[in-house]
Structures are given as structure tokens and as C-alpha cells.
Amino acid sequence: MIQGYPDQASLAAGETLVLHVATDAPRFRIRIYRWHTDFAPVWESGWLRGQAACARGADEDWQWPVYRVATAKDWPSGVYLARLHEQAAPEVPMDFAKPAALFVVRGRGQDPLLYKLPLATYHAYNSSGGGCLYHNPPRSPDPPGSKVSLQRPGGGIGGETWGAPDHYDPTSPRQTFAHWDAPFIRWLHGNGYHPEFCTDGDLDTGAVSGARYRLMLCVGHDEYWTEGTRDAVETFVATGGHVAFFGANICWWRIHMVDRRRAFVCHQGGPCGALDHWWPSSGAGRPEDRLTGVSYRHGGGWWDGPRATSGYRVQDADHWAFAGTGLKPGSAFGHDTTPPLVGYECDGAPLADFDAYTGRARLAAEAESGGTPATLRLLAVAPLDGRWQELPPREHDPARHGLHAAVMGVYERGGTVFSAGSTDWAQVLASGHPVVDRITRNVLNRLQAPHR
347 MIQGYPDQAS LAAGETLVLH VATDAPRFRI RIYRWHTDFA PVWESGWLRG QAACARGADE
407 DWQWPVYRVA TAKDWPSGVY LARLHEQAAP EVPMDFAKPA ALFVVRGRGQ DPLLYKLPLA
467 TYHAYNSSGG GCLYHNPPRS PDPPGSKVSL QRPGGGIGGE TWGAPDHYDP TSPRQTFAHW
527 DAPFIRWLHG NGYHPEFCTD GDLDTGAVSG ARYRLMLCVG HDEYWTEGTR DAVETFVATG
587 GHVAFFGANI CWWRIHMVDR RRAFVCHQGG PCGALDHWWP SSGAGRPEDR LTGVSYRHGG
647 GWWDGPRATS GYRVQDADHW AFAGTGLKPG SAFGHDTTPP LVGYECDGAP LADFDAYTGR
707 ARLAAEAESG GTPATLRLLA VAPLDGRWQE LPPREHDPAR HGLHAAVMGV YERGGTVFSA
767 GSTDWAQVLA SGHPVVDRIT RNVLNRLQAP HR
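In our numbering, the protein residues as written are 347 to 798.
A portion of the hints provided could be inaccurate.
As the list claims (entries may be wrong) - Derived lysine to aspartate or glutamate pairs resembling DMTMM-like cross-links, with alpha carbons at most 20 Å apart:
id, residue 1, residue 2
1, K444, E390
2, K674, D701
3, K674, D662
4, K419, D370
5, K444, D457
6, K674, D664
7, K674, D743
8, K444, E361
9, K444, D384
10, K419, E390
11, K674, D577
12, K674, D783
13, K419, E361
It should be emphasised that the hints constitute simulated quantities derived from the structure, not laboratory data. Note that the coordinates shown come from a computational prediction; the quantities given were computed from them, not determined experimentally.
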């Protein structure tokens, strides 16, 4: 048995990486890989003396033995995986199921594209230590809520993960780096893009400034945000920066960093409701659609088994996002992909109606008062029917009432914000679907270009 985790999941090139590793093997080695189109080690230790240590609770600092790695100053910004290999174990190719720890070498503003990794969401579903925010959650009295530690295996890789397996990709657990971020990042590198990287915590602390970049990417399932992270992203947009959300269920829960930023707390329910939902007045009172343009409360989720959707219907075929796709008003796309492009969770906007014959939708009159940006343009809409497993409650409707839909949209408020409206965009992109590929390139190429 061997497992490990980084003391800090983000560092600058040239800084020392501190790994905490426990093993019952007498010797082990560390191999560090950069996630890219190829997968060759960039650094390898000699054989190190193994030390045993016990697992602790999900809300505790596990305080495992320390091993230090001096990173090189010329390491490019990227996502790195430190694979842990026991001496007696057979040599096998890199496998996301094998023991490893994930960390980021932060960007220095040398490229206009910044990729934000959702470290908090990884840990919200990380059940190492017997609990997470969704199963046997450890309780915190102050601030009130459930508490999970960052100082344990499983921050994106190398730990246990809670949740139903993906029917379409059971080998790649949702809520881990492997599921959405890894394929999207590999696609970026393989198609001539050169992103720099940060974690959500870097934006919260100011270790990375958005002012150095033109476009920020959030991909897959970026659900848990601190107020500081949200403030940083909103300031970035207000001062002319652009954001593309190729995901859904974005910024759904607020979290509070505690224990010297080595754990966080989220209040997800109680006699007075959830205090850390972003959108309701009983929570943060700061609707997430003010940032993203869309919200999970207007969309929905389908977690288990195969899902049936009719795909997106185009609303604004002349928009630059659809250039070169050949799509026309009312055209469907994403209905024939594996996995279905719409899902497993979707963000939407409040719609007054949807005409199934023409494929046309209209925003509800009260949309802006609920947080929808006044400049939001509907690009594509995918209504969610009663088979969807969650259609959340919202301001004017109880759960499963009203028109819920995945919405692809764009708005401007200083900078431009694009939202794809679906978590599984990255997987369909990686499959080579031509329309999804073209839309993605259109968004990236336009929004990372110098300001006109």
C-alpha cells in the first residue's frame, strides 16, 4: 500500500514540492509527469525509505511523513502528477487508478490563456478518511456546516471518490482530474493552445492575478467556490477579461477556508435551509448566474444510467460561436454523441417557453431580476423532460416544475462570458465531434486574441 498528497497543490517553478507519503513498503520512488499530449517523466527520485502512517478522518490533517522535491525553474506551467511506485511492485504505464498526487505549477502570464483547476470540488467528493460532503460528512460548529481537509490523499487523483459511476465511462470517476479536465487539457495541448494553470485557491489568495491573462477557462464540474475566488473572477471580467465555462453546476456552493487554509467548510442544509447556496436570499444571496449567465437551478441532473436528450437547438445561428459549423436556426446538435452532450448536469436560464417544432425559446420576463445578465444572448437551448433525475427548486417554482433546460449563452460586462451549459462538453470534445470542436475553437480563438 502506498498513498500520498501534496502539502500545497500549487507552486511556482523552482519552489520545493512537499509530498506527504505513507507506505508499508521498505522502499519507493517518485516519478513526476506533466499532463500533456505525451506522458514521459520529467523527474525521478532514487529509491526512498518508506515510512508507514495511519489514515485519519476526512476533516483532519493527516500529517504523513514528508518528502521534498526541488522543482526546476524551467518547468512550464502545467498540471503535474507525482506517481508513487513501490520497489517490489511491477512497472506499469501511467494509470489514473495508481497511487499519485496532483499539483499545479502556476502560470507567470506568458500566455493569454489561464486554466483554473477546481481543487475544492475535487475535495468535496474526496471520501478518503471515510467521509466527504456527500457521505458521512464531518461536522463543523463554527463556521457551521460540513468540513473536509485538503491534507489527505485524493485531491483530483490518488484517493477514494464518492458518486455514481458514469454509465458512459465507468473507468474514469466523476469529480476527479481524469474525467473532464484531463481530456480537455490534452485537447488544448494537441491543438496548438498553450494554457497556463492555477487552482481556485490561487485566485482566492491572489497568488495568480487574472490581470496577466485575456481568457480564463473553467471546465467540467467547478461547483465549490470561496467568496475570494468569485470576487477575483468577477473583477477579472469587469476589467475586460473573458471567461469560458465549458461545464455546468458552476459556482453552486460557497465554501469557507479554515485551519490555515488546510480545510474548508460548507453549510448545505439545516432547519433554516442551506446557508451556503449562492443564489437564494437565505444563503449567500448572490446568484451564480450573475457571474456565469446561467444556473443549475434552471437546469438539472441525470446521474445514473443512460440518459436520453434531443441535444441543443440553435437559437442564434449568426453568432460568432457558430461560425463554420453550418448550423441554422433551430438546428440540433449533440443529440448523437457519446456521451450525450447535454448532461450529466446542466446549467440553464429562466425560459418563458420553448417551441419544439421551431426549436425557438424565449427568456422569461423576470430573468434579469433573478440574476440573469441583461445582455445574455441565448445561443442554444436543450429542454430537460421529466425523466431527468433532478430538476431543482427555484424562486418561482418548486422542484420539477416549470421549464428546465440546458442553455448555452454569452453575455458582456466589461469582458465576455461564455457558458456551454453542460458538464460533459470536455468528453464530447475529446471524441472529435466536429460541431463541438468548432464551437470550442471559435470561443478560444476569439476570446484569447488581443483586445480589438
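Each hint, compared with the structure:
Restraint check for K444 and E390: satisfied, since their Cα atoms lie roughly 17 Å apart, inside the 20 Å limit. A C-alpha spacing of about 16 Å is found between K674 and D701, which places the hinted pair at or below 20 Å, so the restraint holds. Of the supplied pair hints, the one linking K674 and D662 holds, its CA atoms being roughly 8 Å apart against a limit of 20 Å. For the hint linking K419 to D370, the alpha-carbon distance of about 33 Å lies beyond 20 Å, and the restraint is violated.
For the given pair, K444 sits about 32 Å from D457 by alpha-carbon distance, which is inconsistent with the 20 Å threshold. Restraint check for K674 and D664: the C-alpha separation of about 8 Å stays at or below 20 Å, so the hint holds. For the hint linking K674 to D743, the alpha-carbon distance of about 32 Å lies beyond 20 Å, and the restraint is violated. Distance hint between K444 and E361 is unfulfilled; the C-alpha atoms sit about 26 Å from each other, more than 20 Å.
Restraint check for K444 and D384: satisfied, since their Cα atoms lie roughly 18 Å apart, inside the 20 Å limit. A distance of roughly 16 Å separates the Cα atoms of K419 and E390; the hinted pair therefore holds under the 20 Å criterion. For the hint linking K674 to D577, the alpha-carbon distance of about 37 Å lies beyond 20 Å, and the restraint is violated. Under the criterion of a C-alpha separation no larger than 20 Å, the hint pairing K674 with D783 is consistent with the structure, at around 17 Å.
Distance hint between K419 and E361 is fulfilled; the C-alpha atoms sit about 8 Å from each other, no more than 20 Å.
This entry does not satisfy hints 4, 5, 7, 8, 11, going by the numbered hints stated previously.
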